[in-house]
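So the sequence lines, in the order shown, correspond to chains A and B. FYI, this note's numbering numbers position 1 of the first sequence as 1, with every residue one higher than the one before it. So the number in this note's numbering is just where the residue sits in the second sequence, counting from 1, plus 507.
Please keep in mind that the hints were generated in silico from the structure rather than gathered at the bench. Please note: incorrect hints may appear among the correct ones.
As the list claims (entries may be wrong) - Derived coverage of chain B by chain A (criterion: at least 3 residues anywhere in the stretch with Cβ under 8 Å from a Cβ of chain A; other residues may be distant):
id	stretch
1	595 to 607
2	727 to 735
Stated by the list, open to error - Derived contacts from chain B toward chain A, CB cut-off under 7 Å, selection only:
id	residue
3	L572
4	S591
5	P627
As the structure is a prediction and not an experimental result, all values here were calculated from the model. Note that the Cβ used here is the ideal one computed from N, Cα and C, for glycine as well.
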Amino acid sequence: MAAQYVMSIDQGTGSTRAILFDQGGRLVSVAQREHRQHYPKPGWVEHDAMEIWRNVEHVARESLHRVGAGADQVAAIGIANQRETSVLWDRRTGMPIGRAVVWQDTRTDELVARFAERPDAALVPERTGLPLATYFSAPRIRWLLDRVPGLFERAERGDVLFGTMESWVVWNLTGGPDGGVHVTDVTNASRTLLMDLRTLRWDRELLDFFGVPAAMLPEIRSCAEVYGTASRAVPGVRIAAALGDQQAALFGQCCFSRGEAKCTYGTGGFLLLNTGESPVRSSHGLLTTVGYRIGSQPAAYALEGSIAVTGALVQWFRDNLGLISSAPEIETLARTVEDNGGCYIVPAFSGLYAPHWRSGARGVIVGLTSYITKGHLARAVLEATGWQTREVVDAMNADSGLELNTLKVDGGMTADNLLMQFVADVLAAAVVRPMIAETVSLGAAYAAGLAVGYWPDLEGLRRNWHRAAQWLPAMDPARRESEYANWRRAVERTFDWVQPNPGSSAR
Amino acid sequence: MPGPVQSIERAAAILRLLARGSGRLGVGEIATSLGLAKGTAHGILRTLQGVGFVEQDRASGKYQLGATLLHLGTSYLDVNDLRSRAINWADALAARSGEAVRIGTPLDGKVLVVHHVFRPDDSLQTLDVGSLLPLHATALGKVLLAYDADVASQLKDDDLAWFTRRTLVTAEALSRSVARVRELGWAAEVEEFATGLASIAAPIRGYGGLVVGAISIAGAVERVCPVARRADPGLVAFVQNAARAISRDLGAGRW
Ligand SMILES: Nc1ncnc2c1ncn2[C@@H]1O[C@H](COP(=O)(O)OP(=O)(O)OP(=O)(O)O)[C@@H](O)[C@H]1O
Ligand SMILES: [Mg+2]
């Protein structure tokens with residue numbers, strides 16, 4: 001039977017989902033499974049890579065099963081993944097070496113501080129477009145290699161492999177120890193601190209700087225080309241795309257031209273602006289990164305405002321405080337009050353990312369009085385996402401010299417009308433949601449479909465983009481300014497909570 | 508303000524009594540424990556049984572707390588939850604049908620719009636989440652009337668206001684229309700709310716098959732009802748499929 005669908009696998013921070021899309025870019029089937037979050041110590045976040053691989057297998061099959069389709073009806077698979085999360089594994093057994101270290105993990109803070117003190121540290125931002133921070137992979141690889149005696153030598157021999165989650169998934173899909181293909185794509189590689197942003201290759205000097213053996217690294221490929229054919233989960237299907245989830249969302253939102261931007265609200269929030277064929281340096285705390293690269297075409301670059309904690313704060317409110325029983329109930333609770341009652345929550349759980357880049361920051365709740373109810377706290381939870389968006393949009397405007405007047409949004413939090421209205425209010429800009437909230441998956445599917453000719457070109461994809469909802473700003477400008485001033489004062493109170501204190505645990 | 512209602516106080520006392528200890532008591536034991544006449548206790552127990560708050564063991568004739576009561580706190584579906592869980596399917600429905608999609612739940616004798624997806628033509632449209640629609644003049648409302656006895660009982664004759672000359676404003680006409688919805692499993696409305704517009708809706712079922720809301724498409728009569736003012740069967744199938752997909756995700760089982 002002729003291939004009818006493209007499958008995407010979105011290996012996210014909280015869950016893994018497989019979605020089938022039809023030719024019109026419409027969702028046909030979804031299967032999703034959450035995996036465990038391990039928090040062995042404050043600041044540490046880990047995933048079990050084996051559990052994730054089993055989930056990939058499960059959801060891929062399940063998405064087909066739900067519509068009674070077979071693997072032969074799938075034209076190609078595209079993969080999107082949580083970025084920077086790093087795993088090492090044994091090439092021969094296919095077993096991970098320890099758990100995967102997740103992007104939010106801050107265990108490398110002291111290591112990063114030591115790297116930053118080196119005289120040649122300026123090399124890192126210069127070549128990679130990224131600040132030296134715990135967020136990225138290279139310090140994590142180093143930390144893992146230092147932990148286990150003999151691991152470095154095994155890595156040098158290529159017996160131990162490194163990968164971010166797309167590498168791990170592709171390697172397993174293509175056979176694992178039995179012929180698995182060890183590749184990554186330019187977007188994921190651009191987050192390791194090991195790739196030169198201009199040449200799009202591993203950089204010898206960066207490898208030396210971090211002490212990472214080249215033999216353990218995957219081959220860097222474009223985002224849309226056939227890497228191999230699956231021999232497991234969906235046997236016979238070509239694996240034809242891989243992108244970091246945020247870049248996949250940029251692609252799924254059809255931000256194909258310079259100046260187009262989107263913000264995705266999941267565990268964290270990520271604003272990406274397509275800057276065209278050359279990387280643009282930020283002077284306001286944004287990252288320079290690869291947006292995507294289709295086959296042998298020139299890469300498109302992006303400026304990125306990364307917010308570590310958006311949906312994760314809602315999750316924390318639900319799981320750790322137990323004040324709601326599902327994430328969407330935050331809106332119900334928030335609507336029980338008129339405003340935040342003077343309360344602000346700054347969720348600097350893993351330090352603050354863009355535009356501050358303060359790894360020593362930790363979260364605060366300020367403005368508590370006996371007047372504050374859980375309704376006010378719920379408001380403050382949602383408003384934190386709004387104000388953090390405002391901060392990165394301000395930085396984006398300052399860097400680009402343009403004034404953003406419409407923000408394209410996607411991700412699970414866009415189902416929250418109160419939040420989306422608040423984002424429009426604090427940005428004084430229209431907020432627009434496209435007709436598919438799962439743009440991460442759609443972007444991966446688009447890239448895979450392009451690679452195998454299921455879709456002919458970008459213009460065709462653009463025609464699938466439609467506005468599903470729009471929120472227009474309605475907040476009084478004076479109120480916007482005074483609230484923003486309060487927010488900024490709250491943010492200042494998070495700075496330097498963790499004192500560098502060598503010798504003892506700094507938490 | 509009126510004082511407390513004695514029979515409700517007594518019902519609450521019975522529920523408290525059943526909630527502790529062994530949890531199974533005969534009508535005599537209950538009457539003695541609470542100092543009630545046996546006939547009074549029996550009447551209250553029968554009423555509580557009717558709403559599912561207590562159950563009677565067939566063999567022993569003893570009473571215990573009903574499953575409905577145990578699930579009281581969890582069966583309620585938050586409207587924001589409903590939106591989050593329906594959003595993917597509502598989007599796909601709008602993309603397939605080419606029409607605007609709404610999800611509605613009952614609120615005080617009206618339909619509360621809890622979710623709205625624009626018609627995918629990128630024309631100027633305004634989000635109407637939070638607005639209220641009439642039960643009797645919309646496909647969403649007819650579905651809710653058909654499957655939710657509470658909703659139907661709240662609708663009074665003087666709620667049946669005119670919107671167009673086709674609006675069903677008599678109780679008989681409406682109940683015929685609603686009976687038809689039950690037969691078909693979906694509802695349509697053709698120019699009953701606004702001239703030139705038609706809509707099609709199907710029920711969204713939650714845990715245990717209970718109808719928790721309805722999903723609809725609405726658009727120009729020529730598109731939604733292209734032949735003989737009848738709902739287009741292809742569009743009806745899209746709406747029903749979306750409703751089923753959402754229901755399945757909500758744990759409705761096979762509907
Ligand atoms: N209605 C809502 N209001 C506020 N937050 C919500 C709502 N619904 C979901 N969320 C939050 O959104 C997040 C889920 O969104 P989404 O499914 O896009 O994330 P994700 O893809 O699982 O994240 P990741 O890719 O990082 O794993 C959760 O953190 C959840 O708390
Ligand atoms: Mg995601």
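We went through each hint and held it up to the structure:
For the stretch 595 to 607 of chain B, the proposed coverage by chain A is satisfied: 7 residues have a C-beta within less than 8 Å of a C-beta in that chain, meeting the threshold of three. Counting residues of the stretch 727 to 735 of chain B whose CB lies closer than 8 Å to any CB of chain A gives 0, so the stated coverage by that chain is violated, three being the minimum. Annotation: interface hint on B/L572 violated; nearest CB of chain A at approximately 22 Å, more than 7 Å. With a least beta-carbon distance of about 4 Å to chain A, the hint placing B/S591 at the interface is held under the 7 Å criterion.
Hint status for B/P627: holds, given a least beta-carbon distance of 4 Å to chain A, under 7 Å.
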